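Colleague: Please construct the entire structure, taking both the sequences and the accompanying hints into account.
Counted from 1, the first sequence has number 1093 at position 983 by this note's numbering; the numbering is strictly sequential.
Check before you lean on any hint, since a few could be wrong.
Said to hold, decoys possible - Quick list of in silico lysine-lysine cross-link-like pairs, BS3-like style, CA-CA up to 30 Å: (1) 972 <-> 244; (2) 283 <-> 516; (3) 115 <-> 125; (4) 226 <-> 208; (5) 283 <-> 675; (6) 115 <-> 1025; (7) 244 <-> 183; (8) 213 <-> 232; (9) 213 <-> 231; (10) 604 <-> 516; (11) 115 <-> 244; (12) 304 <-> 487; (13) 231 <-> 244; (14) 134 <-> 233.
It should be emphasised that the hints constitute simulated quantities derived from the structure, not laboratory data. In this text, all values refer to a predicted model and were calculated from it rather than measured experimentally.
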Amino acid sequence: MELSKAYEPQSVEDKWYQFWLDGKFFVANEHSAKPAYSIVIPPPNVTGVLTMGHVLNNTIQDILCRKARMEGKEVLWLPGTDHAGIATQNAVEKALKKAGEIKHRNDLGREAMVAKIWDWKKKYGGIIIQQLKKLGASCDWSRERFTMDPEYSRCVQRVFVDLYKKGLIYRGKRMVNWCPASLTALSDEEVTMKEQRGFMYYFKVEVVGSAAASAASVDASSTEIPNVEREARSTAPGAGALPEEKIFLTIATTRPETIPGDTAVAVNPKDPRYAHLIGKHVVRPLPVELPREQKLIPIIGDEHVDFTFGTGVLKVTPAHDKADFEIGARHKLAAVEVIAANGHMNDAAGADLRGLDRFKARKVAVEKLTELGALEKEEPYTNNVGYSERADVPIEPRLSEQWFLKYPSVEKARDCVELGSAAAPAASVDASTTEIPNVEREARSTAPGAGALPKMQFHPQRWAKVYDHWMGGLQDWCVSRQLWWGHRIPVWRKIEVANEETRKTQQVFDKCAQALSKVGEAGRTDAVERSFSKISGEISYCRTWLETPESWQMEVVTFSEAEAKALESKGFTQDPDVLDTWFSSWLWPFATMGWPEETDTLKKFYPTTDLVTGPDIIFFWVARMIMAGYEYMGEPQFGLSDAMPFQNVYFTGIIRDKQGRKMSKSLGNSPDPLDLIAKFGADALRFGVMRAAPLGQDILFDEQNVELGRNFCNKLWNACRFRQMVGSAPASGASADAPSVVFEIQGEIEPTLLSSDDKWILLKLDAAIREVTIALNEYKFSDATAALYRFFWSEYCDWYVEASKAVFFGTDEKRKANTLAVIDFVLSHTVRMFHPFLPFITEELWHGMGYSTDMPDNQGGKTIMFAPWPMPLDEEFKGHYGLDDCYLHIAGAKYELVTQGRNLRREANISAAKKIHYVLKPVNFLPPHDVEVIRLLLNAETVEVNENFVPPKGTLAARGELGELFLPLEGLRSAEELAAEKARLTKELEKDEAEIAKVEAKLANPNFTQKVPPQVLLEHQQRLVEWQVKRDQVKAALDAL
RNA sequence: GCGCGGUUAGCUCAGUGGUAGAGCAUUACCUUCACACGGUAGGGGUCGCAGGUUCGAAACCUGCACCGCGCACCA
111 MELSKAYEPQ SVEDKWYQFW LDGKFFVANE HSAKPAYSIV IPPPNVTGVL TMGHVLNNTI
171 QDILCRKARM EGKEVLWLPG TDHAGIATQN AVEKALKKAG EIKHRNDLGR EAMVAKIWDW
231 KKKYGGIIIQ QLKKLGASCD WSRERFTMDP EYSRCVQRVF VDLYKKGLIY RGKRMVNWCP
291 ASLTALSDEE VTMKEQRGFM YYFKVEVVGS AAASAASVDA SSTEIPNVER EARSTAPGAG
351 ALPEEKIFLT IATTRPETIP GDTAVAVNPK DPRYAHLIGK HVVRPLPVEL PREQKLIPII
411 GDEHVDFTFG TGVLKVTPAH DKADFEIGAR HKLAAVEVIA ANGHMNDAAG ADLRGLDRFK
471 ARKVAVEKLT ELGALEKEEP YTNNVGYSER ADVPIEPRLS EQWFLKYPSV EKARDCVELG
531 SAAAPAASVD ASTTEIPNVE REARSTAPGA GALPKMQFHP QRWAKVYDHW MGGLQDWCVS
591 RQLWWGHRIP VWRKIEVANE ETRKTQQVFD KCAQALSKVG EAGRTDAVER SFSKISGEIS
651 YCRTWLETPE SWQMEVVTFS EAEAKALESK GFTQDPDVLD TWFSSWLWPF ATMGWPEETD
711 TLKKFYPTTD LVTGPDIIFF WVARMIMAGY EYMGEPQFGL SDAMPFQNVY FTGIIRDKQG
771 RKMSKSLGNS PDPLDLIAKF GADALRFGVM RAAPLGQDIL FDEQNVELGR NFCNKLWNAC
831 RFRQMVGSAP ASGASADAPS VVFEIQGEIE PTLLSSDDKW ILLKLDAAIR EVTIALNEYK
891 FSDATAALYR FFWSEYCDWY VEASKAVFFG TDEKRKANTL AVIDFVLSHT VRMFHPFLPF
951 ITEELWHGMG YSTDMPDNQG GKTIMFAPWP MPLDEEFKGH YGLDDCYLHI AGAKYELVTQ
1011 GRNLRREANI SAAKKIHYVL KPVNFLPPHD VEVIRLLLNA ETVEVNENFV PPKGTLAARG
1071 ELGELFLPLE GLRSAEELAA EKARLTKELE KDEAEIAKVE AKLANPNFTQ KVPPQVLLEH
1131 QQRLVEWQVK RDQVKAALDA L
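Modeller: Take a look at the structure:
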């Protein structure tokens, strides 16, 4: 195949991706005898589009998978998408509104809305999958999963039922994070704290003596302000007592709009200023219109109050603050709700605030306090406010009935992650052990420490600490969401009047209940029993409890469709809520593989090998998957010694723009990866991102990275093109109209014909293979790309290819053939090493260069995907080809001399194009080939070898290990140039002198010479000589001027 | 408040005790038959600050400053 002058990714990428798909090369075989390697994709939102974050993430996964295939592993990369409850429902609702189809989702109703979302999913759900294909992702698409697939949904329901049975899931009225925009509860993880500038308002309240009347000292379950007894008025403060001076307390608050919901004022009982007031009451200023006696709230003592903060007096709003709620519970205070679900004030907030948005209400409340003369001052204040991560509005702590989960398998999940400090990471493998492991998967899972189970490794390990800390302070997880899109909670409920008929039904449950031990109820204090029950042939699980003496409620949980129908026909209604999206995605590593059946896929590929994800979802997803893994894959039938879902977790950095800002739609600073692919090619994008992504650091992304990737691909392409041009016909005789010659790989390398250049590049290749392999084993992708870049560009192209021209422009045909053989050896290894990073161009070159033709079908013959991963050259190979490390030095010295020679040209200010004459005075004999290489690399007309050369005045000289190189000048330079050079040399001389002084000072220090290791001493002595030589050289050059 | 990162060339970052590095940008020269998406050669850094350990510190220790992140939060 003839290669075009520049690499054109557009004409290459789609072709090969289709080829891979047609060949079913991505499909994992669970019956394969090869050792397994598996990754489950972090499922992107089904309605999402590819972002730079996805590019980073999936490129890493693809690199790992492709390398594993080349190492002979059976690879499963399991793809799929997430239904992403809130995000998707919002996106579709927004789109429907924009299209004018609806004004609100209520226009459609639940069923129709959910149907619309399914339509949407079918229409647009494949976009991100197609985009991943553009990127080159080698996922097994035949196993693509969606978190709302029927089978997957059954897993979710099964797990819910199971946890319910275990008593870990309960329903309860609790303080939750309420999002007034999305109108749903959120988990703690979905709330982010943001600093917010506001004001601290100080207002005073009047203290009254009597404890008899109180608007708040009522049953905690009541959420309404009760009627105050008439008697209260007659015993109200001041009524019959002696006139006293009024006492006021000043309270500091940031949320005056919640004053109508205050049901107490709290002080610290140890606070000498206020302790004596405990038991008295204050007059709550709002709502204004209420009679005074309905505004009396007690002063209570509570340790929670920090008397160094504010005024030391805390207003207690149990219905709208988490801490206040707890105080309220301790003191049996009423929780008076004044803010409705949508964030607007309700009737209880009073006439002035009713109906207002909570922030508008704040302003009005301040106005009212001012009017009342209660406001003492307001001062600017910055505090942290919880925001709904999704809707980006402040959340409202709100009392509501929700489902909660006590996390399962916490201990195991916490202990399985390697926290280690000194412990050497299991991944740091000596390059000499990078043979293709021919071991079964079982061997891996019991690998390093004999006896002790291997721990899960986090990369970078510091995240393990974060994980451990979070695992140590788990709060129950609020799993219910007031949405329509998601897995509906599999609970049916019926509330009935306790009439004759229902009592009969209840008796059935009562019987069952007696057979069971009672389990402590976490969420409901009023739950009375739990029982197994048999309804319509399916075992299900239910609870019953009494709501009031006149009614009772039955709750049935099931994942059987038949049972659900039967329940509905009996007047049961399903819980309207859906489950948190993460309640389905935490099952991802096994629910995608056929759980709860013991499938061959699970047997082969679980636990997965690596997980690649962002640290921002370490709690949302990673931690929960680990717990779910232990809980559901730890059961004996799966036969796992350790049920951890993955062996390694790699945390990527976060992609930011070049100013360090997070990429976001609103900032418009997020480039569309598809545009970048169209412009530069997928390989370029992959390489650019990998090169900029050091382990665990955030990535400041710049399009220049991709440009670099593009340039690199082009370099690779052209280096291969060079090989074809010198290989297909003698360089001297190439004619423009020559037909494209069928390319043939050169045969064996002949050891006796190897030049120092050949040996040098083979040794450099060996080093690169080691470096890249080690870097990948340690998940250091930027190190791997840097090593590849350096090897290929700086070593292979800049030196070896240029030096090889000395052969190809010559006449020694045997040497030419042998050089081609070396090039083919190097390129065929290099292309394979590049394949995981640059899948498309390497496949194109693998075929185009003919490297596939010699390989067996399953080892590179069909596709580079299964070509063997390059192994470091072994000792036998090195011995056979005489690859002694000394050639690194020998050829290196030659190249060093060339650089110096080029320097002389520059010093003499001679145009790079001008052919000039050098004289070389070698220390030892130099083979003619090497002289020719030097000549070519210097772009010299001639390099005269003269062992007895005496430089005439005006000759520039450079000295290296191989000898001295002279550039005789014949009055070529102007006086100006001479002056400039004199200045330059003087500067250099100063530097040399300084270096010499530094080393001499060290060597003169007896402390140094006595204490330092001999090798370091030697190094210093040698360095001194080197600098001295250089100095003498520069001095000589100066003298020559 | 606790914890975790970071601070090295104009920019983005490597660098785990022994001569301060890469890419980009920049300067000069070169359109030489793989590649101008290229080549050659330069310039550019008291390694955040202050102490300490050491013969020797960008690196190790202590403290501080600043930037970023996470957790917990006092109204």
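Colleague: Give a verdict on every hint.
Modeller: Hint check results:
A hinted pair counts as satisfied when its Cα atoms are at most 30 Å apart, and residue 972 with residue 244 qualifies at roughly 21 Å. Distance check on the hinted pair: residue 283 and residue 516 sit about 15 Å apart at the alpha-carbon level, within 30 Å; holds. The suggested pairing of residue 115 with residue 125 holds, with an alpha-carbon distance near 19 Å, which does not exceed 30 Å. For the suggested pair residue 226 and residue 208, the alpha carbons sit about 14 Å apart, so the restraint of at most 30 Å is met.
At roughly 28 Å between alpha-carbon atoms, residue 283 and residue 675 fall within 30 Å of each other, so this suggested pair holds. For the hint linking residue 115 to residue 1025, the alpha-carbon distance of about 28 Å falls within 30 Å, and the restraint holds. Taken as a hint, the residue 244 and residue 183 pair is honoured in the structure, with Cα atoms around 24 Å apart against an allowance of 30 Å. The hinted pair formed by residue 213 and residue 232 meets the criterion: a straight-line CA distance of about 23 Å does not exceed 30 Å.
Proximity of residue 213 to residue 231 is assessed by CA-CA distance (about 21 Å); at most 30 Å being required, the pair is judged to hold. A threshold of 30 Å between alpha carbons decides the hint, and for residue 604 with residue 516 the separation of about 25 Å falls inside it, so the pair holds. Taking the CA atoms of residue 115 and residue 244, the gap is about 24 Å. The hint holds against a cut of 30 Å. Annotation: proposed proximity of residue 304 to residue 487 holds, straight-line Cα distance about 25 Å (limit 30 Å).
Under the criterion of a C-alpha separation no larger than 30 Å, the hint pairing residue 231 with residue 244 is consistent with the structure, at around 20 Å. Taken as a hint, the residue 134 and residue 233 pair is honoured in the structure, with Cα atoms around 26 Å apart against an allowance of 30 Å.
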